[in-house]
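A.B. asks: Here's the letter readout for the chains.
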Amino acid sequence: MSSLFEEIHTAPSEVPVRRVTVRVNGQARTADIEPRLLLVHMLRQGLGLTGTHVGCDTTNCGACTVLFDGRPVKSCTMLAVQADGHDVETVEGMGTTGELHPIQEGFKEEHGLQCGYCTPGMMLTAKALLEENPNPSEDEVRWALSGNLCRCTGYQNIVKAVLWAADTMRASAG
Amino acid sequence: MTIDEIKIGGMGASRRRVEDNRFIRGKGNYVDDVVLPGMLHMEILRSPLAHARIRSIDVSRAWQIPGVRLVLTGDMMATRNLAWMPTLSYDTQAVLATDKVRFQGQEVAAVIADDPYTAKDACEAIIVDYEPLPVIVNPEQAQAPGAPLIRDDKLNQPDNKVFEWEVGDRSATDRAFAEADLVSEISLHYPRSHPSPLEPCGSIADYDRATGKLTVYMTSQAPHIIRSAVAMVAELPEHMIRVISPDLGGGFGNKVPVYPGYVISILASILTERPVKWIEDRSGNLISTGFGRDVYLKGQLALRKDGRILGVRMNTVSDHGAFFADAQPSKFKIGLMHSAFACYDIPAAHLVAEGFYTNKAPGGVAYRCSFRVTEAMFFQERMVQAAADDLGMDQAEFRRINLVRDDDFPHRTPYGFLTDSGQYGKCLDLGLEAIGYEQFLKDQAEARSRGRLLGIGISTMTEPLGAGNSREYDILGIKMFDSAELRVHMTGKAILRTGAKTQGQGHETTWAQIVAHELGIPADDIVVEEGDTDTAPYGMGTYASRSTPVAGAAVAMAARKVRAKSRKLAAHLLEVSEEDIEWELGRFYVRSAPDRGVSIQECAMAAYSNMPDGMEPGLESVSYYDPPNLTWPFACYIATVEVDPQTGVWDVLRMVAVDDCGVRINPMIVEGQIMGGLTEAYAMASMQFITFDTDGNCIGANFMDYLLPTAWETPGFELHEVVTPCPHHPIGAKGIGECATVGGPAAFVNAVVNALSHLGVRNIDMPMLPDRVYAAATTGMDVSGAPPVRTDAP
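Top to bottom, those sequences are chains A and B.
Under numbering that gives the first Met the number 0, think of the first position of the first sequence as 0, with each following residue one higher.
Under numbering that gives the first Met the number 0, think of the first position of the second sequence as 0, with each following residue one higher.
Think of the hints as simulated: they come from the structure by calculation, not from any bench.
Treat the hints loosely; a few may be bogus.
Straight-line C-alpha distance at most 16 Å; calculated EDC-like pairs for lysine to aspartate or glutamate [claimed, not checked]:
(1) B:K560 <-> B:D523
(2) B:K153 <-> B:D90
(3) A:K159 <-> B:D98
(4) B:K6 <-> B:D523
(5) B:K26 <-> A:E104
(6) B:K160 <-> B:E272
(7) B:K425 <-> B:D406
(8) B:K297 <-> B:D98
(9) B:K6 <-> B:D32
(10) B:K330 <-> B:D305
(11) B:K153 <-> B:D98
(12) B:K26 <-> A:D56
(13) B:K564 <-> B:D579
(14) B:K441 <-> B:E641
(15) B:K119 <-> A:D56
(16) B:K119 <-> A:E88
(17) B:K567 <-> B:E641
(18) B:K26 <-> A:E98
With the C-beta cut set under 10 Å, the calculated list includes, among others, these residues of chain A facing chain B [as the list claims (entries may be wrong)]:
(19) F67
(20) M77
(21) N147
By construction, the Cβ of each residue, glycine as well, lies at the ideal position given by its N, Cα and C atoms.
So that you can see chain A by itself, here it is in the shape it has in the complex (with noise of 0.2 Å):
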């Protein structure tokens, strides 16, 4: 077995595993993992990326949001098998160390995060949001993001760093 999911999964030999490959961030990743293991078990335990949070374990508060073949899903609530030959996005996807995403610059820019525990989530449900909506009204953005909630902010500079980004990535499409 391999050793990937060790940290999250000791499973005795008797229980069996299933050999996945989820392509997350573009990188494809093959483990056996116990068929139950949540997505967002696997992309925090397994793979270590721990910018993908758990806050409800119920699907309500969006924490946990990655994208899923570029649509926003909430890994707390899926299996880790059914991601098996998808692709999957996370935070740590979104810009490079040196170069932020422009939906990141717009957050810290219009102070749209305060603990930072809704924020990977938010982003990650507005990135998929632009891609579909280049130029939304702050009702189709608040509308959008009405499966992530936040308890700091109140939502007003969530949107204003999202309608931020939008121009931002408008005026750099030319």
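We have chain A; now place chain B onto it with these hints.
C.D. replies: Below, chain B without anything else, positioned relative to chain A:
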């Protein structure tokens, strides 16, 4: 030559936050992100019943599951004297239940295993035999004759009363009521709510047997208090305990208390000699950790015909759950409830407060407020509106008549606090102008004639922050000071540590701005660290909006000590006497020759390389700050709403906020705090509450049942400012983190009630769910939020 303070990120700069650099990259370091070698995982088994005797606990099947390393029950905790622990309010709380369970979700057993999935499996394999007992879900049941005794573990506890406490002048208040032209009375319930930071609680205990050192990573807003508490509870030497509170995913008061999970993980690590991680799930967080509010009020105002308030009577009854685990100053049993009416000039006031045990989770924490002041200000502003209506007086005019005037400071509040500064009338006027008060009243009358229901609600309040001075404020006897330690390196860069603990407030950004303001060192040259008790000076932590009033003051004072030493170094470098030295931001110069000067950085270099004879090398300082008084920010919040009479749904048309929090260190962050606070105010007014059925089942044990507002419902906010510097704070700041949560709810409720007042409606208890508003709109009757009372109780 002169340094531009805004350019170096000093006071008043909307400096972008340095902590964001890691958070936006997903590189925050929350407790669950910490992985230690050989780490085990802990899961807690919780009681499904609210009140039951434990006949037996069978853990044998749990032990048989491969990967299980330890199973703990209350009896095993008791062998280490750890089955019970003290709370922050001089009560005791069960760590793991031994005799009986007293609320649904109480901790009954714990499993430590190689991975969290196995630990969860093993919890499900534990068999607990419960004998159900009659359940008490509200204070009315708790004080009924023959009510079952919840705390039969305590000596001298014959009933379910936690405390009875009074403050104020009873006879003077009686006289005021005897002289009144009119007495306005109202009964209100501030419902139980849960702070619900997005990150639940958790800990990693790591006991190193070789060194005897215990390191605990913990979701704590107050790591030093926790260290002292752990030392006392676990009887470990305090110098061998290191509490590290890394990045916190919000706190809002929920992460102040000591929770059983922390204590269990510590014992588990001692027993297994491995690091043990406990991460609470959301349901565990909602049903077992510190809730807020849950207070009933009967309030009376003695009024004169001309609108003057002559006296106040408040009777509060609070529901504390099964253990009195409020985190609050020990002298005040119902927190600072008696800060009510502090902004009004009222000669007499009296408050009687009673608290009761119920079969609900313990708490009464300061949920984004300074110890029950959210309840105090909500009650105050609802009483004020009801009184204005009873007098037939305009609600703005009624406030203006009774607000403390600018030249009346210092002012003794009705219950005896001393306020020191403010421009209350100016804030009110600014708010009324911003909302277009007169025009709205015309629009409202016109809309009513066409069957549309518009309403406007005002809330004006000053609240006590910055607990507190050591004469009056302590937690478990520890005085509520705070601290800062500043080390300036030889190259003029610096590290600052404080006893506070940021959890989203942006201390890493704003503390550096205070140092920049005091010393002229660019904020970017100062790193800020908090939350590690081995390195940070002792402090009481971050809650009750006390960081800027107390720790922020300590930062300024520590910087001033560095400046005082630097002045001596400058005199040495400039070869003049200290008396001939002048200071401007970032630079000392010779008074008679202003061109001759040295920068603060040159002084820092000299402190390590060229100090005068007899001077200690180095440039460091520590400041422990004991504030002379509380700080008193003021706010005026005005909401306008439209109620749909067909559905009871109400929409916020506008929300105007005027905040006077004194000097603003970072306006961007201040505004972020206000908007976040207003959202929690809207949340409580509209949807957020934790209730229980008659069997004590928690309704609201997950985010499907416990509603929190999203970006879609949350209204936009219009912010305005007035600045009245705090006269006793070193930089004139008053604190801001909780003002909007405290003052905001009444504005929303006043607005909805105002929309229905012509129908005879005088009160709708929060949350103003559509069914409650619909009932009020269609019947013209008040809607009470008092919970259901069991009719089949034994």
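A.B. asks: Each hint should be assessed against the structure and marked as holding or not.
C.D. replies: So, going through the hints one by one against the coordinates:
1. B:K560 <-> B:D523: violated, 21 Å
2. B:K153 <-> B:D90: holds, 9 Å
3. A:K159 <-> B:D98: violated, 54 Å
4. B:K6 <-> B:D523: holds, 10 Å
5. B:K26 <-> A:E104: With Cα atoms ~15 Å apart, K26 of chain B and E104 of chain A stay inside 16 Å; holds.
6. B:K160 <-> B:E272: violated, 42 Å
7. B:K425 <-> B:D406: holds, 13 Å
8. B:K297 <-> B:D98: violated, 37 Å
9. B:K6 <-> B:D32: violated, 35 Å
10. B:K330 <-> B:D305: Answer violated: K330 of chain B to D305 of chain B is near 37 Å, above 16 Å.
11. B:K153 <-> B:D98: holds, 12 Å
12. B:K26 <-> A:D56: Violated, because 21 Å separates the two Cα atoms, which is more than 16 Å.
13. B:K564 <-> B:D579: holds, 15 Å
14. B:K441 <-> B:E641: Holds. K441 of chain B to E641 of chain B sits at ~15 Å (cutoff 16 Å).
15. B:K119 <-> A:D56: holds, 14 Å
16. B:K119 <-> A:E88: Status violated; Cα separation ~29 Å.
17. B:K567 <-> B:E641: violated, 65 Å
18. B:K26 <-> A:E98: Status holds; Cα separation ~15 Å.
19. F67: Result: violated, 17 Å to nearest chain B Cβ.
20. M77: violated, 16 Å
21. N147: Holds, about 8 Å.
Of the numbered hints given earlier, the model fails hints 1, 3, 6, 8, 9, 10, 12, 16, 17, 19, 20; all others are met.
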